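Modelling step: build the complete structure from the supplied sequences, incorporating the hints.
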Amino acid sequence: MENNLYLIAQIGESYVAISSAHVESVVHIQNITAIPRVTPLVAGLVSLRSQVLTLIDTQYLITGEAQQVKIGALAIAATIMGHPYGLLVDHVNDVIEITKDKIINDFTIRGQWADYCNAIAELDDKMILIIDPSALVSQRNSIAA
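Each residue of the sequence shown is one higher than the last, beginning at 3 in this note's numbering.
If you're looking for bench data, these hints aren't it; they were derived computationally from the structure.
None of these values were measured; they are calculated from a predicted model.
Heads up, the beta-carbon is just placed ideally off N, CA and C, and yes, glycines get one too.
Be aware that a few hints might be false.
Within a straight-line C-alpha distance of at most 25 Å, the following computed DMTMM-like cross-link-like pairs (lysine to aspartate or glutamate) qualify [to be verified]:
no.: 1; residue 1: K102; residue 2: D126
no.: 2; residue 1: K128; residue 2: D108
no.: 3; residue 1: K128; residue 2: D103
no.: 4; residue 1: K104; residue 2: D134
no.: 5; residue 1: K104; residue 2: E124
no.: 6; residue 1: K128; residue 2: D96
no.: 7; residue 1: K102; residue 2: E67
no.: 8; residue 1: K104; residue 2: E15
no.: 9; residue 1: K104; residue 2: D126
no.: 10; residue 1: K72; residue 2: E15
no.: 11; residue 1: K128; residue 2: E15
no.: 12; residue 1: K72; residue 2: D92
no.: 13; residue 1: K102; residue 2: E26
no.: 14; residue 1: K102; residue 2: D117
no.: 15; residue 1: K128; residue 2: D117
no.: 16; residue 1: K104; residue 2: E67
no.: 17; residue 1: K104; residue 2: D117
no.: 18; residue 1: K72; residue 2: D96
no.: 19; residue 1: K102; residue 2: D134
no.: 20; residue 1: K128; residue 2: E99
no.: 21; residue 1: K72; residue 2: D103
no.: 22; residue 1: K128; residue 2: D92
no.: 23; residue 1: K102; residue 2: D127
Cβ pair distances, simulated, as ranges [said to hold, decoys possible]:
no.: 24; residue 1: N107; residue 2: G66; range: 27 to 35 Å
no.: 25; residue 1: D103; residue 2: I73; range: 35 to 43 Å
no.: 26; residue 1: T41; residue 2: V97; range: 24 to 32 Å
Okay, here's the thing in structure tokens:
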């Protein structure tokens with residue numbers, strides 16, 4: 003049976019969907035440990051339930067500008083390619099089912115999201131970008147968990 007459940011979140015003005023198969027939890031970041039001489043994509047390391055997560059600045063992927071992560075920032079704890087990550091987001095909206103009939107097939111993703119999306123879905127008059135979590139932490143971005 004195919005998993006059609008997705009966590010819907012916002013990164014900036016964009017609505018994104020991440021497969022629930024990758025999502026462990028949604029957390030408010032408390033203590034962030036900075037990592038010297040690392041790409042701005044990596045906001046730092048955080049501890050969550052005896053596990054260390056590499057915190058990814060998703061805004062940086064899209065805008066090229068690193069954000070100052072504050073205590074209480076929202077992150078999606080996710081397992082991607084077998085490693086634990088925290089994906090910074092602005093808001094978490096819901097967990098919903100996205101069926102194939104909601105996927106827009108004749109749409110080409112361009113611009114800053116092109117490297118990170120698998121598809122686009124339309125739900126309640128909103129365009130939702132279906133994110134490929136492994137693309138967020140790919141070798142191209144030079145991240146090691």
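Hints and how they fare:
1. Between K102 and D126 the alpha-carbon distance is near 15 Å, which keeps this suggested pair within the 25 Å criterion.
2. Of the pairs offered as hints, the one joining K128 and D108 holds, with about 16 Å between alpha carbons and a cut-off of 25 Å not exceeded.
3. Between the alpha carbons of K128 and D103 the distance comes to roughly 15 Å, so the proposed pair stays at or under 25 Å and holds.
4. Restraint check: the Cα-Cα separation between K104 and D134 comes to about 17 Å, which is no more than 25 Å; the hinted pair holds.
5. With a C-alpha separation of about 6 Å, the suggested pairing of K104 with E124 holds against the 25 Å cut-off.
6. Our distance criterion of 25 Å between C-alpha atoms is met by K128 and D96, whose separation comes to about 14 Å.
7. Restraint check for K102 and E67: the C-alpha separation of about 34 Å exceeds 25 Å, so the hint is violated.
8. The suggested pairing of K104 with E15 holds, with an alpha-carbon distance near 21 Å, which does not exceed 25 Å.
9. Using a Cα cut-off of 25 Å, the hinted pair K104 and D126 holds, with the two alpha carbons roughly 10 Å apart.
10. Distance hint between K72 and E15 is fulfilled; the C-alpha atoms sit about 19 Å from each other, no more than 25 Å.
11. Distance hint between K128 and E15 is fulfilled; the C-alpha atoms sit about 11 Å from each other, no more than 25 Å.
12. The hinted pair formed by K72 and D92 meets the criterion: a straight-line CA distance of about 12 Å does not exceed 25 Å.
13. A distance of roughly 24 Å separates the Cα atoms of K102 and E26; the hinted pair therefore holds under the 25 Å criterion.
14. Proposed proximity of K102 and D117 is supported: the alpha carbons are some 21 Å apart, at most 25 Å.
15. With a C-alpha separation of about 21 Å, the suggested pair K128 and D117 falls inside the 25 Å cut-off, and the hint holds.
16. Pair hint K104 plus E67 does not hold up; C-alpha atoms about 32 Å apart against a cutoff of 25 Å.
17. Taken as a hint, the K104 and D117 pair is honoured in the structure, with Cα atoms around 21 Å apart against an allowance of 25 Å.
18. Restraint check: the Cα-Cα separation between K72 and D96 comes to about 23 Å, which is no more than 25 Å; the hinted pair holds.
19. The hinted pair formed by K102 and D134 meets the criterion: a straight-line CA distance of about 16 Å does not exceed 25 Å.
20. The hinted pair formed by K128 and E99 meets the criterion: a straight-line CA distance of about 15 Å does not exceed 25 Å.
21. Between the alpha carbons of K72 and D103 the distance comes to roughly 39 Å, so the proposed pair goes past 25 Å and is violated.
22. Simply put, K128 and D92 have alpha-carbon atoms about 17 Å apart, close enough for the 25 Å limit, and the pair holds.
23. For the hint pairing K102 with D127, the CA-to-CA distance comes to about 16 Å; that is within 25 Å, so the pair holds.
24. A C-beta distance of roughly 30 Å is found between N107 and G66, which places it inside the suggested range of 27 to 35 Å.
25. Checked against the hint of 35 to 43 Å, the C-beta distance between D103 and I73 comes to roughly 42 Å, which is consistent with it.
26. Separated by about 30 Å at the C-beta atoms, T41 and V97 satisfy the suggested range of 24 to 32 Å.
Comparing the model with each earlier hint shows violations of hints 7, 16, 21; every other hint is respected.
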